[in-house]
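Q: Next come the chains, spelled out residue by residue.
There are 2 protein chains.
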Amino acid sequence: MKINHLAVVVENLDSAMGFWCDALGLELQHTEVNNEEQVKIGFLTIGESRIELLEPTTPDSGIGKYLAKRGAGMHHLCVEVEDIDRAMQHLRERHIELINEVPKTNHEGTRYCFIHPRSTGGVLVELYQLAGK
Amino acid sequence: MKINHLAVVVENLDSAMGFWCDALGLELQHTEVNNEEQVKIGFLTIGESRIELLEPTTPDSGIGKYLAKRGAGMHHLCVEVEDIDRAMQHLRERHIELINEVPKTNHEGTRYCFIHPRSTGGVLVELYQLAGK
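As given, the protein sequences belong to chains A and B, one line each in that order.
Under the numbering used here, think of the first position of the first sequence as 6, with each following residue one higher.
Under the numbering used here, think of the first position of the second sequence as 6, with each following residue one higher.
Derived from the structure by calculation, the hints contain no laboratory data.
Among the hints, erroneous ones may be present.
Note that the list lumps identical chains together, so a pair holds whenever it fits in one copy or between two copies.
When the alpha-carbon atoms are kept at most 27 Å apart in a straight line, the in silico BS3-like pairs for lysine-lysine are as follows [stated by the list, open to error]:
1) K138 with K7
2) K45 with K70
3) K74 with K45
4) K70 with K7
Just chain A, same shape as in the assembly:
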C-alpha cells in the first residue's frame, strides 16, 4: 500500500499553486476538469504520491458545499491497494462503513471507493486500485 494522493480543497487553483508550486517547489503534472464532480483539479507530484488541489466549478457541487461549510484545507486521503474487492470485503467484515458498496471506475480505469469518516476517526479515506493491477 502507498499514499496515492492527498486531496486539498482550495478556493482558487491558480492562487493555491502560488504556494504549492512556486513557494514550496512541487511540480504541476497537469490540470483537468471533472464535469461529473464539478471540480477543477491540479495534480502535483510529490515522491511516489500526489497532492490533488480541488477547486469547485460551481458552489452547488459536493466540493463547493464542503468549501462553504468547512473552508479550504485537507479533504481526503487516498490509499492505493492491490485488490480493492478484497480490501472492501475485509472492511465490511470489520463493520467499517463504506460510502459506495460497489467500486466505481473513473475514466482512467481506476476502481475506487470511499470509507465513511464515522468509521475511520474523522478522516475521509478513498481506496484506489489502478487499472491493469
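Since chain A is already given, all that's left is putting chain B on it; use the hints.
A: Below, chain B alone, put in the same frame as chain A:
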C-alpha cells in the same frame, strides 16, 4: 521531495489502530510518548511515507485543544526536503508565514518547521530535513 507523514489527531490510539491497522491493513512501526508536546504517537508505515496518529495525553496540550475544538481528523502534512534552510529562505522571499522562524530539532536530529495555514490555503504544513542529510 516526498510526503514524510500525514498526522491525524485521534481520540484514542488503540481504537484508531482498530481502523488503520486491523481493518485497513497498515503496519504499526512503533508508538512513543512525546512529553514536550504531551501526545502519544502511533507511527504507521505506508509506502515511502507514514501516517502518524496523535492522541493527546492531556486536554491542555496543543493537540488536546485542537481535538476539543475541531474533533478528530487530519491535522498536518509533513513534506521532507533536502535543505530546510534553503526551503525556508525561499518561502520567506515569497512572504509565506512560518510559525517558527528558526528550525527546531527533535530527538532524532530531524530539523523541522511549520508553515502557517494562512499562507497555504488552510493546510498546516510541516517541513522535515532528516538528520545526516
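Q: Evaluate each hint against the coordinates.
A: Going down the list of hints, with the structure as the test:
1. With identical chains, the CA atoms of K138 and K7 are at most 27 Å apart both within one copy (14 Å) and between copies (24 Å).
2. Within a single copy, K45 and K70 get their C-alpha atoms as close as 15 Å, which meets the 27 Å cut-off; across copies the closest is 34 Å, which misses it.
3. When the C-alpha separation of K74 and K45 is checked against a cutoff of 27 Å, the pair qualifies only within one copy, where the shortest distance is 19 Å, while the shortest distance between copies is 31 Å.
4. Within a single copy, K70 and K7 get their C-alpha atoms no closer than 29 Å, and across copies no closer than 30 Å, so neither meets the 27 Å cut-off.
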